[in-house]
Every structure is written in C-alpha cells, then in structure tokens.
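Take these sequences, add in the hints, and give me the full structure.
Those protein sequence lines, which keep their order, are chains A and B. No gaps in the numbering here: position 143 of the first sequence is 144 in our numbering, and each next residue is one more. No gaps in the numbering here: position 30 of the second sequence is 31 in our numbering, and each next residue is one more.
Derived by calculation from the structure, the hints in this document are not laboratory data. All C-beta atoms, glycine included, are put in the ideal place defined by N, C-alpha and C. Be a bit skeptical, because a hint or two may be false.
[Unchecked claim] To be clear about the criterion: a stretch of chain A counts as covered by chain B if any three or more of its residues have a C-beta under 8 Å from a C-beta of chain B, and this derived list gives those stretches:
1) 9 to 18
2) 100 to 108
3) 129 to 138
Protein chains: 2
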Amino acid sequence: MTRIIAFSGAESGEWRVLASHALIGEGLPPVAAIAVTEEGSAAEPATWRLRGAISNTRYATRAEITALQLAPAPLARPEATLAVLIPIRKSQSWWELAQDERRAIFEETSHHTRIGLDYLPAVARRLHHSRDLGEPFDFLTWFEFAPEHADDFDRLTARLRATREWDYVEREVELRLVRQASA
Amino acid sequence: MTRIIAFSGAESGEWRVLASHALIGEGLPPVAAIAVTEEGSAAEPATWRLRGAISNTRYATRAEITALQLAPAPLARPEATLAVLIPIRKSQSWWELAQDERRAIFEETSHHTRIGLDYLPAVARRLHHSRDLGEPFDFLTWFEFAPEHADDFDRLTARLRATREWDYVEREVELRLVRQASA
Numbered sequence: 002m003t004r005i006i007a008f009s010g011a012e013s014g015e016w017r018v019l020a021s022h023a024l025i026g027e028g029l030p031p032v033a034a035i036a037v038t039e040e041g042s043a044a045e046p047a048t049w050r051l052r053g054a055i056s057n058t059r060y061a062t063r064a065e066i067t068a069l070q071l072a073p074a075p076l077a078r079p080e081a082t083l084a085v086l087i088p089i090r091k092s093q094s095w096w097e098l099a100q101d102e103r104r105a106i107f108e109e110t111s112h113h114t115r116i117g118l119d120y121l122p123a124v125a126r127r128l129h130h131s132r133d134l135g136e137p138f139d140f141l142t143w144f145e146f147a148p149e150h151a152d153d154f155d156r157l158t159a160r161l162r163a164t165r166e167w168d169y170v171e172r173e174v175e176l177r178l179v180r181q182a183s184a
Numbered sequence: 002m003t004r005i006i007a008f009s010g011a012e013s014g015e016w017r018v019l020a021s022h023a024l025i026g027e028g029l030p031p032v033a034a035i036a037v038t039e040e041g042s043a044a045e046p047a048t049w050r051l052r053g054a055i056s057n058t059r060y061a062t063r064a065e066i067t068a069l070q071l072a073p074a075p076l077a078r079p080e081a082t083l084a085v086l087i088p089i090r091k092s093q094s095w096w097e098l099a100q101d102e103r104r105a106i107f108e109e110t111s112h113h114t115r116i117g118l119d120y121l122p123a124v125a126r127r128l129h130h131s132r133d134l135g136e137p138f139d140f141l142t143w144f145e146f147a148p149e150h151a152d153d154f155d156r157l158t159a160r161l162r163a164t165r166e167w168d169y170v171e172r173e174v175e176l177r178l179v180r181q182a183s184a
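Okay, structure coming up:
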C-alpha cells in the first residue's frame with residue numbers, strides 16, 4: 002500500500018532546524034523543528050505541512066534497481082543524526098515532456114541515478130511524490146547521514162544541481178536538520 | 002496544476018448507472034448514479050467516492066503523444082451520451098517492476114497506447130491516477146462516446162483485456178453510465 006508521509010514545520014519535533022535556505026524561488030516560513038509522521042497518525046499543530054507519497058520507482062531500470070539494492074542505505078540508522086529535507090517543484094515544461102524525453106534528460110544526460118549511487122550507503126535518501134496530491138511542491142527528498150558524511154552530501158547535491166535536469170527546477174528549498182537528543 | 006477528480010456513487014448525479022460489473026475481484030456497492038466533481042467543490046453525500054489525479058503522462062513517448070494529438074477526443078461532446086468508469090488495481094508484482102520492464106509489457110508487448118489510438122476520436126478517454134492518493138484502486142479510467150460507438154468501446158476494452166498487461170490486474174470494476182437528461 003502507498004504510504005503518505007507528512008513533514009510538519011512547527012515549534013517542536015524530532016528534527017531541529019539548523020538552517021533553511023530558499024535556493025530557487027520562494028522559501029518556507031521559518032520553523033524551529035520538523036516532525037515526520039505517517040498520514041493518519043495524530044497531527045500536532047504546525048506552521049506548515051508538506052505531504053508526499055512513497056511510490057513506485059518511475060525512471061529506474063532493472064539494472065539501476067539492482068545496483069541500488071547492492072548498497073542498501075536504510076533510514077533511522079543511529080549514527081545518521083543529520084538530515085536534510087529538499088522540497089522541489091519542476092516547471093510546467095518538464096511535466097509536458099514525454100517519458101522518453103524526461104528519461105533522456107534524467108539519466109542519459111544528467112546521470113541522476115548514478116550520481117546518487119556514488120554516495121551510497123553513506124547518504125540514505127527517500128523520495129516522496131507530492132505533485133498528484135495537489136501539493137505546492139512536486140517532490141520532497143529526505144536525506145539522512147552521519148556527521149562525518151556531511152561533505153558527501155554536499156558533493157552529491159552540488160553534482161545534481163549542476164545537471165541539465167536542474168534547469169527545470171523552478172522552486173527548491175533546503176532544510177538542514179539535526180536529530181534531537183531523546184528526552 | 003494537478004487536478005484531483007472525485008467520482009461519487011450516490012442516489013443522484015449527472016450520470017445514471019446502467020450496469021455495474023465486478024470483472025476481477027470485489028465489486029463496488031450498488032448506486033443509482035455517479036457525480037463527477039473537482040476536489041474542493043461542494044461534495045454531496047455519497048455511498049462511495051473514488052478519487053484520482055489528472056497527472057502527466059507516464060509511459061507515452063513523444064511519437065505516441067504526437068499521434069494522440071492528431072486525433073483529439075475531448076470529453077463533454079454533446080453526442081457522447083454514454084460513459085464508462087473502470088476502476089483498476091494492479092498487483093504488487095506490477096509495481097515492483099522497473100520502468101523498463103513495465104514499459105516493455107505496457108507497450109512493446111501489450112500495444113496499449115496503439116490500441117487506444119485505433120478508437121480515437123470515437124472513444125474519448127481520461128486517465129486518473131489514484132495509487133499515490135492512498136485509494137483502493139490504482140487507476141480510474143473514464144470513457145465517453147456516442148451510442149453508435151458503443152461497439153468500438155467494447156472492442157477496445159476486449160483487446161486491452163487480452164494483453165499481457167492485464168495479467169497484472171487484480172481488481173477491475175466496470176460501471177456503464179448514461180448522461181441524465183437535463184432537468
């Protein structure tokens with residue numbers, strides 16, 4: 002079954018906000034923390050809430066899925082105390098492309114999947130699809146890594162943002178987070 | 002912007018139910034009529050409500066999109082007084098396939114897109130994506146046609162149901178509808 006995840010920006014939550022940057026277009030209202038919950042669970046009051054579905058892979062080929070499975074990087078590893086939430090919206094012209102055109106930009110030109118593979122298993126990543134939920138962003142990507150892999154994360158995102166695929170990004174926010182010590 | 006459409010089965014509505022068949026798996030509770038509304042508009046009480054997003058194309062190549070655009074078949078043509086709603090759920094094994102595997106079954110093997118082209122512009126069709134909304138079905142397909150093209154519709158669905166893609170369908174309901182005369 003499809004799971005819908007809510008990222009709630011609020012006064013408190015499991016993940017404390019270290020920094021929030023509007024990279025392309027409008028940012029998000031400032032919040033102190035982010036709570037990550039499954040839709041249907043009790044929702045605390047929040048300044049904003051972004052939702053996305055954990056869906057099937059859209060562009061990955063069997064060869065790529067096999068490569069991804071060889072370097073599993075689960076979320077919630079105890080050492081992965083840093084996280085980054087990157088909400089993205091792509092332009093109308095991206096969504097009007099045909100599947101073969103999108104895939105050509107995404108993979109043969111931008112090497113998106115292969116770039117991600119270079120940083121596994123250090124940087125765990127989960128993609129959430131928001132566009133079909135009528136949300137303000139198309140994708141919410143969630144990353145988790147240990148502090149010693151923060152440079153890996155920066156290299157990963159720098160390489161992705163230099164690709165042709167990113168020409169189609171019209172809104173991008175980056176929220177840097179640290180897991181709160183348990184009470 | 003993504004539009005989410007709701008199909009509400011109720012006592013009254015624009016489309017009167019002529020027949021409801023459970024083709025694979027469980028059917029839907031019987032209703033007299035179907036109302037089609039955009040999410041956000043006022044919702045009348047309903048026995049059940051199925052929701053789907055009008056999304057970007059997922060498998061169509063540029064060549065196929067061009068062919069589709071050469072035979073435009075809009076909804077709401079006055080002569081198209083018959084409609085059919087077909088909710089479908091595909092199996093877990095379908096969703097675990099990679100993009101190249103799904104596309105191979107969908108197109109190179111099943112010729113899904115080309116079969117649909119054979120019945121344009123007689124049979125208008127709109128696909129709604131439901132899976133990422135956490136709905137009980139993955140897709141809701143809506144067809145509209147004039148009574149003289151009812152045979153075309155039957156041939157179209159018979160050909161699709163004979164394809165290898167349909168081996169992955171684990172629930173399918175067909176609701177045959179007629180537009181109510183305006184009051």
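Worksheet item: Which of the stated hints cannot be reconciled with the structure, identified by number in ascending sequence?
Response: Failing hint: just 1.
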